[in-house]
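**Student:** Modelling step: build the complete structure from the supplied sequences, incorporating the hints.
To convert a position in the sequence shown, counted from 1, into the working numbering, add 24.
Derived by calculation from the structure, the hints in this document are not laboratory data. The model shown is predicted, which means the values in this text are computed figures rather than measured ones. One or more hints might be untrue.
Claimed, not checked - In silico EDC-like links for lysine to aspartate or glutamate, alpha-carbon gap of 20 angstroms or less:
{"#": "1", "residue 1": "K90", "residue 2": "E64"}
{"#": "2", "residue 1": "K90", "residue 2": "E67"}
{"#": "3", "residue 1": "K90", "residue 2": "D68"}
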Amino acid sequence: MPGELGGLDIEEMGRVIDEAGVLIIRFHVIPQRLLVDTRESPEDSPQLRLVPPVSSAEERYRYLQKLRPGVPLPDQITVLSWPRYIEVMREAGLWQRLEQRMFELGGAALARRCGEVFDEVRSAERAEVVSAIIGGEGYESLWERAPTT
Numbered sequence: 025m026p027g028e029l030g031g032l033d034i035e036e037m038g039r040v041i042d043e044a045g046v047l048i049i050r051f052h053v054i055p056q057r058l059l060v061d062t063r064e065s066p067e068d069s070p071q072l073r074l075v076p077p078v079s080s081a082e083e084r085y086r087y088l089q090k091l092r093p094g095v096p097l098p099d100q101i102t103v104l105s106w107p108r109y110i111e112v113m114r115e116a117g118l119w120q121r122l123e124q125r126m127f128e129l130g131g132a133a134l135a136r137r138c139g140e141v142f143d144e145v146r147s148a149e150r151a152e153v154v155s156a157i158i159g160g161e162g163y164e165s166l167w168e169r170a171p172t173t
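**Tutor:** This is how it looks when you write it as structure tokens:
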């Protein structure tokens with residue numbers, strides 16, 4: 025079906041990226057979330073940043089209030105789960121839609137911030153995969169090298 029990628033409705037995800045006032049994107053590999061906050065005030069412009077996970081919607085609202093006290097709380101926070109690597113988001117055209125929206129809201133500086141955040145997410149994903157492979161913190165190795173004699 026057009027607009028789908030392995031069961032994901034790319035068209036609908038694009039619509040969410042185009043329209044959501046406050047969007048949280050959950051990635052499958054890293055615990056951090058991507059906050060896309062299009063709200064603005066005379067003292068505060070739209071923001072794009074990695075944020076820690078929270079355990080409830082109420083906690084996320086408190087986090088937003090603390091992060092951006094000069095901006096009224098949103099009526100809703102939209103959550104989009106992205107079960108692939110960030111590179112696939114770019115290949116599917118979704119990251120470009122996000123960059124375009126940020127450019128429309130905040131010009132070249134906010135569009136550049138998209139590139140920085142993309143690199144942050146990609147680096148965090150790679151570090152998490154390496155940690156899983158070597159049995160790093162939070163991971164247990166299923167196979168161990170046989171002792172050499």
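**Student:** Decide, hint by hint, whether the structure agrees.
**Tutor:** Hint by hint, here is what the structure shows:
1. For the suggested pair K90 and E64, the alpha carbons sit about 15 angstroms apart, so the restraint of at most 20 angstroms is met.
2. Restraint check for K90 and E67: satisfied, since their Cα atoms lie roughly 15 angstroms apart, inside the 20 angstroms limit.
3. At roughly 13 angstroms between alpha-carbon atoms, K90 and D68 fall within 20 angstroms of each other, so this suggested pair holds.
Against the hints set out earlier in the document, no violation occurs for any number.
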